[in-house]
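Asks: Listed below are the residues making up each chain.
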Amino acid sequence: MMLLFASCANEDSTLDMKGLISPNGPTVGTRFEQSMAYNATRGEMHLDMQADDYSIYVCTDSHITRKTHRNLDYFIAQYRAETAPKLALHLGDVIDAQKNFPCADSILHFPGQTIKDTVFVTPGNHDIYFKQWDIYRDFFKSSVYWFDTRNGTKKLDLFICLDSAEGELGVAQMNWLRAFLDEKSKEGYRRIIVFSHTHLWKLDASQGHTSNMALEATYEFTSLLAQYGVECYWCGHQHARQLVRFKGVTYRVLNATKDSESGQSYMIAHMGEHITYDYIDYPKE
Amino acid sequence: MKKTLLFLLLSALSAALSAANPGFGDRRYSVLGMVEYSYNKTWGHHANFDIQSLMPINPHFEMEARLQFSTANVHSGALQLRPKFELPVGELFLETDVYYRAFARNRIGDITAALGVGYRMDYVSITLGVFSRVIDDWNRSWYTDDNFVVEPFNLLYRIEVFCRPQNNNWNLSFMFSNIDDYQMERMWQPLFGIGAWYDINEHWRLNFMAQCKPTGMFHLDATFYGATGRVGFTYRF
Numbered sequence: 000m001m002l003l004f005a006s007c008a009n010e011d012s013t014l015d016m017k018g019l020i021s022p023n024g025p026t027v028g029t030r031f032e033q034s035m036a037y038n039a040t041r042g043e044m045h046l047d048m049q050a051d052d053y054s055i056y057v058c059t060d061s062h063i064t065r066k067t068h069r070n071l072d073y074f075i076a077q078y079r080a081e082t083a084p085k086l087a088l089h090l091g092d093v094i095d096a097q098k099n100f101p102c103a104d105s106i107l108h109f110p111g112q113t114i115k116d117t118v119f120v121t122p123g124n125h126d127i128y129f130k131q132w133d134i135y136r137d138f139f140k141s142s143v144y145w146f147d148t149r150n151g152t153k154k155l156d157l158f159i160c161l162d163s164a165e166g167e168l169g170v171a172q173m174n175w176l177r178a179f180l181d182e183k184s185k186e187g188y189r190r191i192i193v194f195s196h197t198h199l200w201k202l203d204a205s206q207g208h209t210s211n212m213a214l215e216a217t218y219e220f221t222s223l224l225a226q227y228g229v230e231c232y233w234c235g236h237q238h239a240r241q242l243v244r245f246k247g248v249t250y251r252v253l254n255a256t257k258d259s260e261s262g263q264s265y266m267i268a269h270m271g272e273h274i275t276y277d278y279i280d281y282p283k284e
Numbered sequence: 000m001k002k003t004l005l006f007l008l009l010s011a012l013s014a015a016l017s018a019a020n021p022g023f024g025d026r027r028y029s030v031l032g033m034v035e036y037s038y039n040k041t042w043g044h045h046a047n048f049d050i051q052s053l054m055p056i057n058p059h060f061e062m063e064a065r066l067q068f069s070t071a072n073v074h075s076g077a078l079q080l081r082p083k084f085e086l087p088v089g090e091l092f093l094e095t096d097v098y099y100r101a102f103a104r105n106r107i108g109d110i111t112a113a114l115g116v117g118y119r120m121d122y123v124s125i126t127l128g129v130f131s132r133v134i135d136d137w138n139r140s141w142y143t144d145d146n147f148v149v150e151p152f153n154l155l156y157r158i159e160v161f162c163r164p165q166n167n168n169w170n171l172s173f174m175f176s177n178i179d180d181y182q183m184e185r186m187w188q189p190l191f192g193i194g195a196w197y198d199i200n201e202h203w204r205l206n207f208m209a210q211c212k213p214t215g216m217f218h219l220d221a222t223f224y225g226a227t228g229r230v231g232f233t234y235r236f
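Chain order of the listed sequences is C and H. Taken in order, the first sequence gives residues 0 to 284; the numbers are from numbering that gives the first Met the number 0. Taken in order, the second sequence gives residues 0 to 236; the numbers are from numbering that gives the first Met the number 0.
Bound-form chain C, shown alone:
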């Protein structure tokens, strides 16, 4: 145990072992407040896709380091090469550990999540290790936000990004989500999609030691999504693809984008009247 904690002192360590017993930075309540404050200054995000049908490129758990980010490079290149209307999501754990955000910036070219040709990001636990929330905020501005897609003035789909980096949503974020869904579910969107980092079900041992939310939180959250007709919940965290349909909501966990893991893939969701999915394997090294 002493050795584990001693590893915290090593600036190249990849695991922030202090986090085993205490928060390693501002907790989700604080991050939510700061995100809402930023959202209020930025204003609403409406993406005009200029078509009813468009594609969403989705990846997760790239765990990039200064040494390796091959798969994320590939994902970004494929996304940028797409000529059809598109947007992209990264479902968290962009980086592996401390001091890698500048590297993420050079790959993803984040100007803040305000323009169409960008990648919308949700924080994972690795992104906020080592008290990195302030750095994350410098790059990505907000961990809880929403945007919608439109075709001209016609509303298409509503996307809600939630902060579940430490395996819980917190009281304030859940209250906000309940009120927000109550309001937006009446506005005639084609569908509502929620995305975050933490997966909700423990179907097998593929997740290793990664935690889920507490059971009480899992059932409250899934009931809330079902109550307001959310169609999908997309997430990562466990590095293994998984599909669950429960209470009318489809829970889709994606493979990782991490270079050192084999058999990984990203997802393209083709959004139209219905959603169809393609999973694209990353090329072998």
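Bear in mind the hints are in silico, worked out from the structure with no lab data behind them. Honestly, I wouldn't trust all of these hints.
Computed spacing ranges between beta-carbons, pair by pair [unchecked claim]:
| id | chain 1 | residue 1 | chain 2 | residue 2 | range |
| --- | --- | --- | --- | --- | --- |
| 1 | C | Leu14 | H | Phe152 | 19 to 27 Å |
| 2 | H | Ala195 | C | Asp137 | 46 to 54 Å |
| 3 | C | Asp280 | H | Val230 | 55 to 63 Å |
| 4 | H | Ile193 | C | Ala204 | 26 to 34 Å |
| 5 | H | Phe173 | C | Pro282 | 50 to 58 Å |
| 6 | C | Gln49 | H | Phe152 | 34 to 42 Å |
| 7 | C | Gly262 | H | Val160 | 36 to 44 Å |
| 8 | C | Ala178 | H | Ala103 | 56 to 64 Å |
| 9 | C | Ser21 | H | Val160 | 16 to 24 Å |
Glycine included, C-beta positions come from ideal geometry on N, C-alpha and C.
Following the hints, position chain H against chain C.
Replies: Below, chain H without anything else, positioned relative to chain C:
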């Protein structure tokens, strides 16, 4: 002759072991009633009311039945079957648990079944096992794509360390586990507890328990999620 000698030897050994090990915690037929104050970030402040019954059917088999009613509109029932075998040092037991939690507020049922092996000594009790969970929506239609969720494999663990021998008339214990009397959490969602009892007289025992549930420990970003304090009396027949 050999059989007779073997029988006498085993009888003598058995008697010696019985004298050396009078049993753990003076387990008698008993009924326990408790009230709980509880808080978690999902349900907020709430109260729980518990009824438990211990039935030591014979020296090698006991049962426990438990019910909990909560103002959070989540109600739980548990049945525990425990065959046990005294060893030269300590006691080995098998544990079969079935828990059902009715999350009425969410219209969700959660049923878990566990199989474990435990070892109990004067100052330590350890249980290790596996459990499976089925989660179902009360309103699920058979005519949709919806399904129940099965979590087939979870590790069960419980380590409790006591300050006094378990058959003492008072005790204080510290517990690290992912299960308690009414819930089985996922293996990476541990619970930390403190328990105590004091025997007021031959029949009445005062019980106390406090428990903390952090979340995100194995995200390496632990935060407080919930806590429970429980007090009540046991009547032992």
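Asks: The structure should be examined with respect to each hint, and the outcome stated for every one.
Replies: Hint by hint, here is what the structure shows:
With their beta carbons about 25 Å apart, leucine 14 (chain C) and phenylalanine 152 (chain H) fall inside the hinted range of 19 to 27 Å. For alanine 195 (chain H) paired with aspartate 137 (chain C), a C-beta distance near 49 Å keeps the hint of 46 to 54 Å intact. At roughly 57 Å, the beta carbons of aspartate 280 (chain C) and valine 230 (chain H) sit within the given window of 55 to 63 Å. The given range of 26 to 34 Å is respected by isoleucine 193 (chain H) and alanine 204 (chain C), whose C-beta atoms sit roughly 31 Å from each other.
Separated by about 52 Å at the C-beta atoms, phenylalanine 173 (chain H) and proline 282 (chain C) satisfy the suggested range of 50 to 58 Å. Look at glutamine 49 (chain C) against phenylalanine 152 (chain H): about 48 Å separates their beta carbons, and that is not inside 34 to 42 Å. At roughly 43 Å, the beta-carbon separation of glycine 262 (chain C) and valine 160 (chain H) lies within the given 36 to 44 Å, and the hint holds. For alanine 178 (chain C) paired with alanine 103 (chain H), a C-beta distance near 23 Å fails the hint of 56 to 64 Å.
Separated by about 23 Å at the C-beta atoms, serine 21 (chain C) and valine 160 (chain H) satisfy the suggested range of 16 to 24 Å.
Of the numbered hints given earlier, the model fails hints 6, 8; all others are met.
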